[in-house]
Amino acid sequence: MKCLDRKFRLFFMPCFFGVFLSVFISGCGSRDNIGANPRENAVKPVITVWHWMSDRENALLELAKRYESEKGVRVNFELYAPSDMYAQKVRAAAQTNTLPDIFGILGEKRDFASFVNAGYVYDLTEEMDKDGGAWKGQLFEKAISVNEFGEGNDFNVKPGIYGVPIDVTNIQMLYNRDLLRSAGLDPENPPKTFLEWIEANRKLKEKNIQGLAGGWGETWMIDCLASNYAFNIMGKDKVLDTIRGVVPYTDPDWIKVFGLFKQMADEGMLAGGVVTMVNKTAEQLFANGKAAFALNGSWCVNVYRGMNPDLNYGVILPPKASDSYPMAIWGGAGSSFMVNKRSGNADEAIRFLKWLTGAQQQIYLAKETQNLPSNRYSLKEIPMVLSQFADDMDNVTRPSFWGASEFPVVTEALGKGIQSIIIGEKSPEQLADELQALKDREMARKGRSPVT
Amino acid sequence: MKARDIFKNYLFILPAVAIFSVFYIYPFFKVFALSLCQWDGIAQFDFAKSFIWFRNFSELFRDRIWWQAMLQAGYITLIALTFQNALALTLALACDRDIKGGNIYRVIFYLPPVLSEIVVGLVWRWIYDGNYGLLNYWLQNIGLSRLVTDWLSNPNTALTCVAIIHCWKGFGWGFIIFLAGLQTIPRQLYEVARVDGASSWQLFKNVTMPLMVPVFILVSILTILGTMQVFVLILSMTNGGPGYHTEVPVTRILASMVGSSRFGYACSQGIVFGAILLVISFMQIRLSKYMRQA
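Sequence order for the protein chains is A and B.
Here the first sequence is numbered in our numbering, starting from 468 and rising by one per residue.
Here the second sequence is numbered in our numbering, starting from 1448 and rising by one per residue.
Because the hints were derived from the structure by calculation, they are not lab data.
In this text, all values refer to a predicted model and were calculated from it rather than measured experimentally.
Treat the hints with care, as some may be off.
What the hints assert, rightly or not - Derived DSS-like pairs: lysine-lysine, alpha-carbon spacing no greater than 25 Å straight-line:
| id | chain 1 | residue 1 | chain 2 | residue 2 |
| --- | --- | --- | --- | --- |
| 1 | A | 757 | A | 674 |
| 2 | A | 625 | A | 603 |
| 3 | A | 705 | A | 556 |
| 4 | A | 808 | A | 556 |
| 5 | B | 1496 | A | 913 |
| 6 | A | 597 | A | 808 |
| 7 | B | 1477 | A | 556 |
| 8 | A | 597 | A | 625 |
| 9 | B | 1496 | A | 625 |
Unchecked claim - Listed below are several chain A residues computed to face chain B (Cβ distance under 8 Å; list not exhaustive):
| id | residue |
| --- | --- |
| 10 | 577 |
| 11 | 684 |
| 12 | 879 |
| 13 | 892 |
To be verified - Derived list of chain B stretches under chain A, where covered just means 3 residues or more per stretch with a C-beta under 8 Å from a C-beta of chain A:
| id | segment |
| --- | --- |
| 14 | 1529–1543 |
| 15 | 1704–1713 |
For glycine and all other residues, C-beta sits at the position ideal for the given N, C-alpha and C.
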């Protein structure tokens, strides 16, 4: 027995350790990319796609089936949700060189730029321009812009198109027709200016109806409305000059923008708890008739259909606060896919994306998921509310179009600062001073001269 | 000892050393190296190109929001150390007696810690909700309408609300450890003291308390380490808001890493945070030794 025990220790333990070590070392090795085995691909190409869109999973799987039966190429859609986890997975895969053939990048434009500069993303410009720009021509221009880097962009990316939009989106104001009617307002004539909006809210308050619900616990949604009003009050050039550090946040126009939020809070125009509200809660409030207005993206059509199919609502641009410039709304590509530059299946992946953004596939996607299609020729069969969203695609803007992006800490401080204004903790002037101090610090850190 | 035996001994500890080195020592040095760099987490990491000395650390020491988050975590920890542990000890003392259905109580008190933190956060978020919330509904029904508020959006109540839920979620751990500690105290000591005419308070003060000192220290260390790293509850209940009122160190690290793509800075935050927790743990261990000697 003792002898057996000794043999076991002398033989099996080193064996066990050897197996462990070899598994570990082989696990640490990097692959050129998933599905890039040339011999296997020569027989039957398999395209691997990573995505985060749990609501579109079934539709995408169905389209993969159709593609395989039409072209004989298998497409593996791999879902990784929630989106935070997905974003981390893509970053980790980039570090280990294990990105799939097709993937999406979630994050700011500078993150996208980092992926491009690191050589992970295929430049699709040539493919888009082929045959007189046939592929590019069928997609919404604004949706392509999200994936495009222009000449002289701040990110030092070679100009070109690096992604394919599979749907488009924009974020607008929604109003509950029934609630407006019950407060004595005309649902066919919703507020168009900020003053009209204040008046409408006073009437709603008299009937104990809450005003605007939004997921402002997620600061990007505050940033979205603040940008809308910044564009409306001072125009695109001045907003961009602020980002570039030419115009300070202490400029009176910015104080006016922050002042609008103070006015919203003072007038009781916001739903209770809006500053920590997640968008799902805001959607529930609006869908259940507990709030008359909501700020939400075109994806909400599908959400509201699930929450309350009888919800009677319309879509408007946020009521403008100034006549100086047109109201801008955030939008562009809802979801985009990128082709892995290091993939052995890059050509096959591009062929698949061309097929996926074709009119028939886009009509199917829009019908199944209630998202706006990225193909401009697929708008015929979409619901009325969705077409209202589509009507305002010309007003769309987004930080990723601008070729310059604000320092993330400043963006975060802006969102958090507006939360502080709403809870009465800060004044617009205080927020402006704080933002500018932060901006100066960040510019100094980057070796750029501060404005003030 | 023969050389062969020495070799054999080293061979046996090799797997453990390898695992420890790969999963603990290497990541630690990697994080430290990253903390000296400016890197976005996407581009291929090049130490020489991204090396910026201790600039991340010097920025961190001037980062007002970071220290505010640290103070807020300290506030939650203080509440957990006092109220959570007092509750855990009280319930442990109650369950230590021969009461009817004692095991049922033990199971009930241990339920919150085994629940998913994200689920607890979402459920309590709903209870605290200013529009639909049960808490406001109850307050209105019992005639306390003046107390109705948006609990999680009010800067005066948000952090305390989160702290209360953290205590509710965590007291079960303390309860189990306290109960185990109480059950190791020999019953004879109580009997002898009772024969000598000791009151319940005297029994607690002179028998229970001194013998429970090591347990108190253990529970305090676990409470501090666990509470300072509170994260999921915050994320699911307030996401750090309103403003920065419920931010804690881990949410700041996440904001630097994911929100700002500043991996280097996030690593320096992690190093400083780890060092602070280490210092606190050492202080407690020293305190524990001192109290044992006393």
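Run the distance test for residue 1477 of chain B versus residue 556 of chain A: straight-line Cα separation, threshold 25 Å. 19 Å, holds
Mind checking the alpha carbons of residue 597 of chain A and residue 808 of chain A for me, to see if they're no more than 25 Å apart? Within the cut-off at roughly 19 Å; holds.
Is residue 1496 of chain B within 25 Å of residue 913 of chain A, Cα to Cα? 15 Å, holds
Hint validation: residue 577 of chain A versus chain B, beta carbon distance must be below 8 Å. Holds or violated? Because about 7 Å separates residue 577 of chain A from the closest Cβ in chain B, which is inside the 8 Å limit, the hint holds.
Under the criterion that the straight-line Cα-Cα distance not exceed 25 Å, is the pair residue 757 of chain A, residue 674 of chain A satisfied? 12 Å, holds
Cut-off 8 Å, beta-carbon criterion: hint that residue 684 of chain A touches chain B: 5 Å, holds
Residue count check for the segment 1704–1713 of chain B against chain A: does it reach three with CB-CB under 8 Å? Held - the segment 1704–1713 of chain B has 5 residues with a Cβ nearer than 8 Å to chain A, which meets the minimum of three.
Would you check whether residue 892 of chain A satisfies its interface hint, that is, whether its CB is within less than 8 Å of any CB in chain B? With a minimum Cβ separation of about 6 Å from chain B (threshold 8 Å), the hint on residue 892 of chain A holds.
Can you take a look at whether the segment 1529–1543 of chain B is actually covered by chain A? Rule is 3+ residues, C-beta closer than 8 Å. violated (count 0)
25 Å Cα cutoff - pair residue 1496 of chain B, residue 625 of chain A: Cα-Cα ~21 Å, so holds.
Holds or violated: residue 808 of chain A and residue 556 of chain A, Cα atoms, limit 25 Å. With a Cα-Cα distance of about 18 Å, the restraint between residue 808 of chain A and residue 556 of chain A holds, given a limit of 25 Å.
Taking 25 Å as the top limit, are the C-alpha atoms of residue 625 of chain A and residue 603 of chain A close enough? 18 Å, holds
The earlier numbered hints that this structure contradicts are 3 and 14.
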